[in-house]
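Protein chains: 4
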Amino acid sequence: MYDKLRKRVLEANLLLQKYDLITFTWGNVSEIDREHGVIAIKPSGVEYDEMKVEDIVLCDLEGTIIEGELKPSSDLDTHLEFYRNFPNIGGVVHTHSKWATSWAQAGLDLEPLGTTHADYFYGSISCTRLMSKSEIAGSYELETGKVIIETFKERNINPDMVPGVLVHSHGPFTWGDDCFDAVHNAVVLEECAMTAFTSKQLNPDLDKMQGELLDKHYLRKHGKNAYYGQR
Amino acid sequence: MYDKLRKRVLEANLLLQKYDLITFTWGNVSEIDREHGVIAIKPSGVEYDEMKVEDIVLCDLEGTIIEGELKPSSDLDTHLEFYRNFPNIGGVVHTHSKWATSWAQAGLDLEPLGTTHADYFYGSISCTRLMSKSEIAGSYELETGKVIIETFKERNINPDMVPGVLVHSHGPFTWGDDCFDAVHNAVVLEECAMTAFTSKQLNPDLDKMQGELLDKHYLRKHGKNAYYGQR
Amino acid sequence: MYDKLRKRVLEANLLLQKYDLITFTWGNVSEIDREHGVIAIKPSGVEYDEMKVEDIVLCDLEGTIIEGELKPSSDLDTHLEFYRNFPNIGGVVHTHSKWATSWAQAGLDLEPLGTTHADYFYGSISCTRLMSKSEIAGSYELETGKVIIETFKERNINPDMVPGVLVHSHGPFTWGDDCFDAVHNAVVLEECAMTAFTSKQLNPDLDKMQGELLDKHYLRKHGKNAYYGQR
Amino acid sequence: MYDKLRKRVLEANLLLQKYDLITFTWGNVSEIDREHGVIAIKPSGVEYDEMKVEDIVLCDLEGTIIEGELKPSSDLDTHLEFYRNFPNIGGVVHTHSKWATSWAQAGLDLEPLGTTHADYFYGSISCTRLMSKSEIAGSYELETGKVIIETFKERNINPDMVPGVLVHSHGPFTWGDDCFDAVHNAVVLEECAMTAFTSKQLNPDLDKMQGELLDKHYLRKHGKNAYYGQR
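Residue numbers (UniProt numbering), protein chains in the order written: chain A, 1 to 231; chain B, 1 to 231; chain C, 1 to 231; chain D, 1 to 231.
Each hint should be verified, as a subset may be incorrect.
Cross-link-like lysine-lysine pairs, in silico, DSS-like; alpha carbons within 30 Å at most [said to hold, decoys possible]:
no.	chain 1	residue 1	chain 2	residue 2
1	A	K221	B	K200
2	A	K52	C	K71
3	B	K200	D	K216
4	A	K224	A	K200
5	C	K71	D	K216
6	C	K200	C	K216
7	A	K200	B	K133
8	C	K224	A	K146
9	C	K208	D	K146
Only some residues are given here: those of chain A computed to face chain B with a beta carbon under 7 Å [claimed, not checked]:
no.	residue
10	S44
11	E111
12	T115
13	M194
14	S199
15	L219
16	H222
17	K224
18	N225
Between beta-carbon pairs, the in silico distance windows are [unchecked claim]:
no.	chain 1	residue 1	chain 2	residue 2	range
19	A	P204	B	D160	32 to 40 Å
20	D	P204	B	K133	26 to 34 Å
21	D	P204	B	K52	25 to 33 Å
22	B	H222	D	E62	43 to 51 Å
23	A	M161	B	L219	50 to 58 Å
24	D	E154	B	K18	56 to 64 Å
25	C	V53	D	L14	46 to 54 Å
26	D	L14	A	P204	41 to 49 Å
27	D	H36	B	E154	58 to 66 Å
28	B	K18	A	P204	58 to 66 Å
Bear in mind the hints are in silico, worked out from the structure with no lab data behind them. For every residue, glycine included, the Cβ atom is placed at its ideal position computed from N, Cα and C.
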């Protein structure tokens, strides 16, 4: 019944390799079937070259395994926190992609510096705060998710308009309408992280791009007045 | 009748992938048939892997569609402004290539630092000024073109001798005798942007290269006294 | 009798190419059969494309050749010093991989800045001290090994928990349970070296990551309470 | 009669592509047959994908064409100056490889920072002085060669022990026993240029490596006491 979902999630996981976003097994993709409340996610620590459709694990929104012989990704609880709190998203991606991870390790927000960023992310991509000792010692992956949700709430960011975050000293998460859209955003984030690094090195005092230009590009591609692409 | 033109434009668009200048659909190439005043351009938001000859859109110099089922690139109006104002050019390329985009985001001109630059661009590659709120809110793509033309006029730059520009907070445009020449210049610009970044990091006080050396290399490859290649 | 060992070592050497860790012949992998005290190591200066199973050299822990027509890697004495002093390791890798070598040339420890590092290395990856004139003039490769061992002893580092080192003005060594694990760690080290460079450029005052997060990630993957992967 | 020489030079030119040292036609390789005083060199501005054995041009030490329908590389006069002044070399390579070119554009010597450099280059790789207006306006390619030779004489550098140079605001030349050795050195130079950039960014006050270590590594691979490889 969920073979199609599993197959999509397998394919999306393999795209992480194609787009050079992962090394070894350091990444995971999930997708949710909102109607049935079923999530499909990559198994933990399985080589991408050996992963099969039946290895993809199915669970519900509380993390109870529905189907699957293997253990789900150790980051499952972070994914679930996204699905529980961001009601419009359909897919989540986590990677340790090099440039985005560099920003996360530096503990810095990735500010919008150009139209590539603006085409996909409507403002800065936040870097979360440091986690407390008890958060780390506790249900760490769940707490990671909670810190992300807190960041969006406290900064009043709409996750549908800024579909990505940098977890401090860790790496990026992105999301989207479905798992493929989430992978797409992971690619864009990596590209923005690379060019923002270079721009900032060239011009250390560089400020965010003009708000008007951010608006223009984001709204050119999103919302009811979008006119980019074949729509 | 314009099948050959369309085919060339399709091929040139695919070269952007080959030379690693684009991610997803973030780039577009056009070419003009000056005799008939017909421009062929990439459709908007179509995947490179799926693009076919018949998807290439034909229009006139005012942007009226002559043939094509799909919408043209959303950057069409910028391309047209080039063709209307730079009478000797035959092809235009726009990309978000990483290194050139980094300079554009930094808001800095790309100064000539070495003979690679001098072989193709006779002086600095300008970064345009910030656009005004009304320019952004208005016919944005057309205004983008106008700001570029303004830059060349105010700085008294011959577009035939400096076939590229960096649009502030956005990315590069290049042009040339035809669409393949424009792609060629896009590759060179990216390479110059990468090495200039590194040179400037190594030597922050670095000034432009000697004018005599710029002259020598540019004129070794261009104009009536050129002696590079098999001519 | 040691064909399987030789074959493993050949395969592991070829992985250095696959993971883009070497140029020409600048790298070597060895593995030890602890039961018989036999070490298999790459021959010196042989092209990777031409290397065959029978070219892999076998020797004992004192470096006496047991089998093999070719001379062993000139770094053999360094490898042996590892096997003699780190009793739990089964494989050793040396490369001149670009990013790790850059840190070694800079003479700087590679501090843990994020969870990628923490997943594999439980603390800073040390850069060794400069070698003395007599150490360099003497049994240089053996002395290189001795300086590494000294570094681990003086800094009280457990080599099983920090399976890598940067040799000053030279490059990285990594090790592991077997030769494939050692290659795996070489890949991780290179990735950490790249992202640490970028993070430090973005944030020059950046300090080590939180100790609690380092603990959490390292212990999530290692030791009796590990819960990453299918165990 | 010189088919073998031409074939070697063609192959060596193609290696520049394999090792990612060139873009388009920006590079050239030559080799000399010292016995007959015949030099084979790449033709000017010919695409690498289309180059054939018969396109390789043959000339003597004064540049007089002996055989070949095409014009030789415009850098021929620089190559000849090498062959006339460095009597032990058999091959010359010129590229605009990215990292080495970045150092040349920055106008900086590439100092030895690690054993990779020391294994091939016995000391700093010089960046030449700026050329005078009359040198640039005159026989430019010949004068480029003369400035290189001058650099080696004035700094008292043995070109057999430092087989490379950075031409100011231009790019690298390397040489070697034959054309393949010269290509090999071009690859090494590029790698040293990349890691030296990164090391210097990490540690701006970084000085040259220890002289003793430079000696050890260079002499481990070169001269009568060499013990690296299968000799």
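Hint by hint, which ones does the structure fall short of? 1, 2, 3, 4, 9, 10, 11, 15, 16, 17, 18, 20, 21, 22, 24, 25 and 28
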